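Line by line, the protein sequences are chains A and B. All residue numbers for the first sequence refer to full-length UniProt numbering, where the first residue is 1 and numbers rise by one. All residue numbers for the second sequence refer to full-length UniProt numbering, where the first residue is 1 and numbers rise by one.
No lab work stands behind these hints, which were simulated from the structure alone. As the structure is a prediction and not an experimental result, all values here were calculated from the model. Fair warning: there could be bad hints in the mix.
One-sided excerpt, in silico: chain A residues whose CB lies under 7 Å from chain B [claimed, not checked]: (1) N42; (2) G44; (3) R256; (4) R260; (5) H278; (6) G279; (7) A283; (8) E339; (9) G342; (10) L344.
Cβ-to-Cβ under 8 Å is the rule here; a few derived chain B residues that face chain A [what the hints assert, rightly or not]: (11) G104; (12) T106; (13) L226; (14) S332; (15) S340; (16) R343; (17) A351; (18) T353.
Glycine is no exception: its CB is placed at the ideal position from the N, C-alpha and C atoms.
Each chain is listed here by its residues.
Number of protein chains: 2
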Amino acid sequence: MNAWGKRDDMTVHERDPFNAEPPRSALADSRLTPADTFYSRNHGPVPAADPARWRLEVDGLVDRPLSLSLDELRARWEPTELEVTLQCAGNRRTGLTEVRDIPGETPWGPGAISTGRFRGIRLADVLADARPRPGAAHVAFAAPDVSPLADPPQPYGGSVPLAKALRPEVLLAWSMNGAPLPHVHGAPLRAVVPGWIGARSVKWLTRVTVRSTPSDNYFQAVAYRLPPADPEPGTAASGEGGTPLGPLSLNCAILRPDDRAHLPCGPTPVTGYALAGHGRTVARVDVSGDSGGSWQRADVSAAAGPWVWQHWHTTLDLPRGDVEIVARAWDSAGTAMPESPGRLWNPKGYANTSWPRTRVRCR
Amino acid sequence: MNAWGKRDDMTVHERDPFNAEPPRSALADSRLTPADTFYSRNHGPVPAADPARWRLEVDGLVDRPLSLSLDELRARWEPTELEVTLQCAGNRRTGLTEVRDIPGETPWGPGAISTGRFRGIRLADVLADARPRPGAAHVAFAAPDVSPLADPPQPYGGSVPLAKALRPEVLLAWSMNGAPLPHVHGAPLRAVVPGWIGARSVKWLTRVTVRSTPSDNYFQAVAYRLPPADPEPGTAASGEGGTPLGPLSLNCAILRPDDRAHLPCGPTPVTGYALAGHGRTVARVDVSGDSGGSWQRADVSAAAGPWVWQHWHTTLDLPRGDVEIVARAWDSAGTAMPESPGRLWNPKGYANTSWPRTRVRCR
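Bound conformation, chain A alone (with noise of 0.2 Å):
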């Protein structure tokens, strides 16, 4: 056993703050992810956290604060449950890194994505209660850990939209895959907020603040923001006029066979995962043996919900040699995925939703 409860196959990218990937065929067996296979993705030590001693703060633009314990916020709201993505925005960055450099960020293959169902209370059931105050615009997600990678070093945070705040998909979450959430994962409380960048997904979640403005958290206000792909000098390491990062787009990656394997040639089972953003499925999926020239499309998994990923299945011909598998997919609004990852390098390597590429040899 690995770290955190972890598989000893991880690749563990980080031992402190811990990040670490599952082997991407370890995501191609079920739509969900066991605790101990699911990506964990940090920024400071993992805090140590006293359910019986914890508390959240609701507080702000509120005409009601609220400070609650465990016990008392499981009692006062409905809990519900939700399958939910949580993707990395730097999910696939290696597909850019084989670019060009990307110093000083985490070197994710296609691994920085799991599912779960979370079971918990809707956010918006708490906000309600709370009573946001007109100029309520933002609800911002404050943890104690305290990353040494802000600048200054400060506890991590984020926020989110009102607008999305309070949609009945976000949820505090003690509960995953039927059981309570792992201390790595966010114990005692996390915030899950589907389709969106797992950066939001705060854990360890101790006050959430209503505000007219998003956070100033440094991970929200600096970093998780999509830099220019060429950025004027000067600007290109802090993600400084970057848009900031919320929702997922379309993206796409292979899980069998794995990158840079030997296999037999001749009928091969290639798998994938594909996730569409907030409003849309996947609609298509195409893999192709022969680097893009010829193209089969592959069966698709129906979508088990809003905020769930699909997996792809086919059977690639693959003839001896040296081979480069290829997918493409097309969400129901007809987006397709950009090619190169040349034309979305940028310098914080965010959002590769490029075509994935697999290269395999054939004996």
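Use these hints to put chain B onto chain A, whose structure you have.
Showing chain B alone in chain A's frame:
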């Protein structure tokens, strides 16, 4: 004055059915498109319409079918107004026909898009009074304009899912830009389905039918489906096997300078539009004066509403000689546009969302 009250410099692709788009520069000057400039897309002859005899029938899976005159309809529900950009699924098709011929489809440039301020009632209010029954899942629109292009020839129609039909932005409109809806744009009453392909905003609307399944009209069941880029032989022409088009994806076009223009070299204003999908805005537009070798960021107008295009402007310093101007937009979900139309080509020529390119000669 051209046919149907359109300006003289419209590009009339066909006289019957009347299909016409404005010159691209005519779309650059204002957020709202004047009625004489608004693109017109038809599938059959514009039907005779006598407002005094016209009625709207609401039927299908409803407890209380309705039959209403225009006066009854206008008196019964609270009117509302909304700015909406309508875009044909075939907008920018010429970017695809440059890759490979697309016989039988109208060669739209970037002008199959326009923005109006529509006044009408909410379809949701009408449906609430008609009371959809259990099993209701789609809302079909029918009109009297018989299309000879359909197989077999039939009146034009289409549908949207009930969840979309119940959203507050979906209107039944009798007015555009403060004036009565022009006859060619659907008077006395048309559907306006913001954020979806123009084909679902059915004109000369006479019937709204609540159904358990999508409309089986030719223009829902066969046309306006995105076929595979590399379809199986024999299935290409009809769009069979394609995914039904509905919500719009991120798009962008260059309006000035005109394609193939001869210009003085030096600082040159460049302007265009970009349109994000539902729940998203245009976050950034980059423009290149050297075919994408280098880029500068354009000023993007604020979104005037959730369903309206955004204009963008910059000034490029163009060198002497043949120059290719390229633009690319990002939406607020970090969605990037595909670079190449070659990778988007499909036998119906829908959904060209590749980087727009304008070639000019500078002297």
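Q: Of all the hints given earlier, name the ones this structure violates by number, lowest first.
A: 1, 2, 3, 4, 9, 11 and 12
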